[in-house]
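Please construct the entire structure, taking both the sequences and the accompanying hints into account.
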Amino acid sequence: MSAHDQFRQAIAAAGLPPHGELNLTGDGKLQRYRIEGDKSGSRNGWAVLYSHPVMAGAFGSWKTGESHTWCEQRAGKAPTAAERAELQRQMRAAQAARATEQANVQASARERAAKLWAAAHPATDAHPYLKRKQIGAYGIRQLRDMLVIAARDVHGELHTLQFISPDGSKRFLTGGRITGCYFAIGRPVDSLLVCEGLATASTLRQATGRAVAVAFNCGNLTAVAQALRGKFPQLRLIICADNDLQTPGNPGVTHARAAARAVGGFLAVPKFTVVPS
Amino acid sequence: MNATDFNDLAALASIEEVQRQVDQAVPAVDPPVWPDPILPGTLRTPDIPPNILPSWLGDMARAVSESTQTPPALAVMSALAVLATVLQRRFEVAPFGDSYTEPLALWTLSASPSGTRKSAVLNAMLGPLVYWEKLLRDRMRSDIAKVNATRAVAKKRIERLLADAAKAKEPSEREAIRADVEREETEMPEEIRPPRLFTGDTTAERLQAMLVEHGERMAVHSDEAGIFLIMAGIYNGGAANIDVFLQGHAGSPMRVDRAGRSAHVDKPALSFGLLIQPDVMSEVAGSSRFRGSGLLARFLYAMPASNVGKRDVRRHAPIPDDVAEEYKRYLFSLLEGVPGPVEAPKVLTLSEAAREVWLDLAEEIEREQGEGGRYESISDWTSKLPGAVARIAALLQLAHTGLEAVDVGHAAMDRALCLGRLLIPHAQAAFGMLGTDAVDSDAVAILKWVRANELSEFTRRECQKAQEGRFRSVERLQKALARLDHQDVVREFKRHNKGAPPTTAYKVNPKVLST
Chain G
74 MSAHDQFRQA
84 IAAAGLPPHG
94 ELNLTGDGKL
104 QRYRIEGDKS
114 GSRNGWAVLY
124 SHPVMAGAFG
134 SWKTGESHTW
144 CEQRAGKAPT
154 AAERAELQRQ
164 MRAAQAARAT
174 EQANVQASAR
184 ERAAKLWAAA
194 HPATDAHPYL
204 KRKQIGAYGI
214 RQLRDMLVIA
224 ARDVHGELHT
234 LQFISPDGSK
244 RFLTGGRITG
254 CYFAIGRPVD
264 SLLVCEGLAT
274 ASTLRQATGR
284 AVAVAFNCGN
294 LTAVAQALRG
304 KFPQLRLIIC
314 ADNDLQTPGN
324 PGVTHARAAA
334 RAVGGFLAVP
344 KFTVVPS
Chain H
147 MNATDFNDLA
157 ALASIEEVQR
167 QVDQAVPAVD
177 PPVWPDPILP
187 GTLRTPDIPP
197 NILPSWLGDM
207 ARAVSESTQT
217 PPALAVMSAL
227 AVLATVLQRR
237 FEVAPFGDSY
247 TEPLALWTLS
257 ASPSGTRKSA
267 VLNAMLGPLV
277 YWEKLLRDRM
287 RSDIAKVNAT
297 RAVAKKRIER
307 LLADAAKAKE
317 PSEREAIRAD
327 VEREETEMPE
337 EIRPPRLFTG
347 DTTAERLQAM
357 LVEHGERMAV
367 HSDEAGIFLI
377 MAGIYNGGAA
387 NIDVFLQGHA
397 GSPMRVDRAG
407 RSAHVDKPAL
417 SFGLLIQPDV
427 MSEVAGSSRF
437 RGSGLLARFL
447 YAMPASNVGK
457 RDVRRHAPIP
467 DDVAEEYKRY
477 LFSLLEGVPG
487 PVEAPKVLTL
497 SEAAREVWLD
507 LAEEIEREQG
517 EGGRYESISD
527 WTSKLPGAVA
537 RIAALLQLAH
547 TGLEAVDVGH
557 AAMDRALCLG
567 RLLIPHAQAA
577 FGMLGTDAVD
587 SDAVAILKWV
597 RANELSEFTR
607 RECQKAQEGR
617 FRSVERLQKA
627 LARLDHQDVV
637 REFKRHNKGA
647 PPTTAYKVNP
657 KVLST
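Chain order of the listed sequences is G and H. Sequential numbering of the first sequence, starting at 74, is according to the numbering used here. Sequential numbering of the second sequence, starting at 147, is according to the numbering used here.
To be clear, the hints were calculated from the coordinates, so they are not data collected in a lab. Any given hint could be a false lead.
[Stated by the list, open to error] So the derived list for chain H, only partly shown, Cβ under 7 Å to chain G, looks like this: (1) Asn153; (2) Ala156; (3) Gln165; (4) Pro173; (5) Leu480; (6) Val484; (7) Pro487.
Every value quoted in this text rests on a predicted model; they were computed, and no experiment measured them. Glycine residues also receive a C-beta, built at the ideal position from the N, C-alpha and C atoms.
The following block contains the structure:
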C-alpha cells in the first residue's frame, strides 16, 4: 500500500472519509473537503500532507472540532535525528496552517451567526421544547421551529449559535467557536450561576432569581468560568453540575468540580432523593 | 426518566428544592481520595523488605527468606538482632553529641505460627555466630584447661589450709594459714570462659550471671517463648526479676549478687531476637503487670501475615554459598577485638543531615502520641521509637562501613527511619493482639453498626443514640471515632444547616462498605 493510501485509510478509519476523490499532493498545503455524509456544498473536512522526509500529515473536521496526525510507517528503519526534526517542523507548520484556516472558518461562522440571529425573532413560551421543560424563553430567539441561542464571549461578541429542535435535539453552527463562549440570562449582582444547558439555566433563573451563564456542554464549563472570573473577579461563582450518575466517570460533576476549583468557586450538584426510574 | 440536571430536579421535586440545593453549594474541593482503611481489630501490617538492610545483610535476609519460604520480616528482624548481638556494648550512639546516649541493644520479637520454619530462619542467621563461638572455644581450649587446672589445685590447697586452720591451736599459726589462704586466692587466676555472644531460652538470674561473665553483654535468640513468658510473669507466679531486662536495654548500671559475691556491671547490654507463635501474645494479654513494667514497650515487633497455605512445597532454593560466605565474613570482621577488655563503648554521633531527619520523626511521633493522636494507645511504645531508630541507624552504619565508623550518615538514618515507620503498624497489631486496646473494641462496635445499616455517612449524635449502652460519654465515643478517622475508615466533616449550627458528621470510606 502506498503512503498516500495509508493516509487516506487513516482518514477513513477516523470516520472522516471524503465524499468523492481527495487529491493530496504532499506539498504541505491544507485542503478542505466534503466529508462522506455531510450535505452538499459543505467542506468541514480538512487535511494536510507532507512528503519529506517521510510522508506525514494531519486531518480533522471543523464540524466536530477533532484533529488527528498521521505518519508513514516504514518497516525496519527509524527516522534519523534530522528527519525527526524536520517532521516536527512540518507538524508545527501544519498546526499553524490549521490555526489560520480555523480563524477563517470561525470568522465565516461569525458572519453567518450574525445574519441568522438578525433574521430570528424572540421566542415565546409556547415552543414545544420550552413547554416540555416547563421553562421560560429568557432572551432566546426562534427561527422557523428552531430555538436559537446566542453564544458570545465575555466582550459580548457573537461567535456562534446553538439550535434546539422541538424534539430537543441540539446542534451548533458549523465552524463556530464555542470555547469560552456562553449565553447569559440576567445580570449578576453578587453571584453568578454557570451550567451546561438552556433548560437547566432557565430553571435556575426561575428558582433563584440569580444571573445564569449557559456553557453549552460540560467540556466548556472551565473555559466559561475562567472567562467570567476574569470579567467579574469579586463575584461568587456557583457551578451547577449535571449529575451524570449513569455515565462512567460522571463527566458532568467531574468537569463542574474542575471548573469550580479553577476559579475558587462553589459547586452545586443536584441530589435526587426520589430515585428516577 | 434519566434525571441528571436541575431542570429534572424541578420536575421531580419542586422549584423550591432547586433553590434549597443551590443555596447549599459548597466550595469546590478535591474529591476525597480514600486510601485502604485499617479496619479495627484486624491485622494489617506492611511487608518489611530485606533491601532496608545494607547489601551483605539484606542479601542474606532475602536468601534466608526465599530458602525457608518465610515472610522477609522474620529474617530482617533476626538480622538486626544478630547485628546488635555483635556490636552492642562496644558502641553506642549520641544523637546530639552530648551525654544523652543510646546503647546498641535491640529487642526484636517476630510472631509466626507453628510449623512456619522459624527455627530454620534462626539457625541460618545465627550460624556464623555459633561457628565463631566454637572457633574461639577451640583456640582457647588449652588456655582454659591450664587455668582450670591451676584454679582446681588452688581451691584444693585453700580447702586443705582451712582444715588446718580449724585445727591450729596458736593464733600465730592461724594467722599464718590465713595469710596463705589470702595469697592463694589473690594469685588464683580468674576463670577463663569461652566467649559467648548469645544464649537460647534462659532465666533472668542466669542472664544476670552471663552479663557478668561475658563482657557485660549478652543476647537471647530463641524460637521458644520461655523467656518472654518469664518476663510476662507467667512463670514464677509473677515474681520475675525484671530489673536485669530493663537495665540491659537501657545500659543502666547493675549490681549482681551471686554466691555471696557482688559484681558490678557498669553498662549492661542485653539484646533479644525472639521468634514466637502469635498465641503466646494472647497468653500474656492478661498480664497488666507486663505492660505496666515497660518491658512490652521495648520490643520491636514484626507481625507479618502468614504465608502458610501459599508455599510451594516442591521448590528448593538453598541459600547461595557466596551470600552465606559474605555474611559470615562481614560478621567476623565486626567481631574483631572480641573478646577484649571491658572498656567504655565507642560513641558514634549523628551527622547533621541524619540528625535533622531523625528529629523530624521525633516531632511526628510527639504530635501523634498525645491525647487524641493516632498513636495515643501505644504511646509507651512510640515514645521509645526515636531512640530505637537511632540505635538501628548506628547498627546499620557500622554494618556498612565497619568498625571504623565515627558517625551515622544520612543514608543509614534513612534506612532506619524507613524501618521505624514500617514497624509502627506492626506494633499496633501486636498491642491489638495483646488485647490492651479498649478504644479498638469501641471502634469495632461502631464499624459493625455502620456496616449493618450500610451508612455512607452519619452524625455523631446518630452514632451515640444507636449505641447508648456503650457510649454513655461523648469522650469515649469521640476517641473511637478519632481512631476510625486516623485509620481512614471515616472522615469527619461539618454538615451545614441553614439557620442552625453545623453538625459534626462522618463520611464512611466506600471501601469499608464494599468489603
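Unmet hints by their number, sorted upward, for this structure: When the structure is compared with the hints, numbers 5, 6, 7 turn out to be violated.
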